[in-house]
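Please construct the entire structure, taking both the sequences and the accompanying hints into account.
Residue numbers (the numbering used here), protein chains in the order written: chain R, 1 to 141; chain Y, 1001 to 1141; chain H, 2001 to 2141.
No lab work stands behind these hints, which were simulated from the structure alone.
Yeah, the Cβ is synthetic: ideal placement off N, Cα and C, and Gly gets one too.
Restraint-style ranges between C-beta atoms, simulated for each label pair: (1) Pro-28(R) with Ala-1140(Y): 26 to 32 Å; (2) Glu-2024(H) with Lys-1107(Y): 25 to 31 Å; (3) Ser-1031(Y) with Asp-81(R): 51 to 57 Å.
Below, in silico cross-link-like pairs of lysine-lysine (DSS-like), each with a Cα-Cα straight-line distance of 25 Å or less: (4) Lys-2107(H) with Lys-43(R); (5) Lys-2043(H) with Lys-2012(H); (6) Lys-1012(Y) with Lys-1043(Y); (7) Lys-1107(Y) with Lys-2043(H); (8) Lys-12(R) with Lys-43(R); (9) Lys-107(R) with Lys-1043(Y).
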Amino acid sequence: MWIQTEISMPPKARGFHLITDEIERQLPDMSAIAVGWAQIFIKHTSASLTLNENADPTVRGDLERHFNQYVPERAPYYQHDYEGDDDMPAHIKNCILGSSLMLPISKGRFNLGVWQGVYLCEHRNRAGGRQLVVTLNGEAM
Amino acid sequence: MWIQTEISMPPKARGFHLITDEIERQLPDMSAIAVGWAQIFIKHTSASLTLNENADPTVRGDLERHFNQYVPERAPYYQHDYEGDDDMPAHIKNCILGSSLMLPISKGRFNLGVWQGVYLCEHRNRAGGRQLVVTLNGEAM
Amino acid sequence: MWIQTEISMPPKARGFHLITDEIERQLPDMSAIAVGWAQIFIKHTSASLTLNENADPTVRGDLERHFNQYVPERAPYYQHDYEGDDDMPAHIKNCILGSSLMLPISKGRFNLGVWQGVYLCEHRNRAGGRQLVVTLNGEAM
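This is the structure in structure tokens:
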């Protein structure tokens, strides 16, 4: 049983955003899968997907501040600078954080830990919407 | 052919631990899969899974020291600090290293390189056990 | 429908290399898959796979320079140093960047963003060839 769909995410501010509910709402067919995987894949090189704490928003703020510190703008060794100071750091953050998540499905739902949530990490200052490819595969209930 | 199981890992000291054998021993059904994938997924936001060198233990020590240097405790920009100095660094390390591994299966075994092993990376000083979801999918032999 | 093959990549210079076309050319059977996944897995602990910008080569140069800055050679805390100054940094970069990519397949092709390409990241100064395991799974057209 294969299901594939593209989801358009509306533009988000630079930073780390919790999107678990937004994704699950768009995957009604997942309820038919007893055991399987859901892949969320972002079709961009300056925004990322990761998993982390779903409760305290200061975790998301600290992540944004940490990556800004260790992947700085205007590093003296950047040659790719004509799209703005936030562009090359965005590419590097994307390589570190990753472009896709593979989530186990059990009994029709993501099988995540109690504290885990899906983050969309927007690395650009003024990005447009972002396209996701979501692919589900599994055994029907 | 889908197989899904949850594995409880006993508590481990802070650091990088080789767990390939511990995982394989708990997956006797993998021997029936000719071609497929095994996913190991950790249901936590302060411990990670990664692959690296399976021979020299100094590699694991150097990884722990490197991540402690570049993801420091008590960074001045952390706001999420009430669960201890090791908490926010643990979340950041988890985002960098990742929460899951997807391993190719060939002829009933993980198809890894000769030097590759599965690491559980424990980022907290005094963590409890950790829960893994292991999902296998493939073509029967 | 499962397809698995091993691909030998010829030796590459240290740095980030765009290999999307090289991979696609070796996967003629992908054209038969309507919906699915392709996994590219590298069987080594000192070279990585990641996705990023497929157009401007300065992005690849900046990535190499950034990772050399933040994963330095001869860090005072390295104990694993007998294979050369580029060895331990190579292991760390591999943990950060990752050993595998899971790409969605749609209508017989990788379903990537317009600007996304597959990178092989060679972290050693004088590496030999690299072995990839490529596994395809999906629904036939």
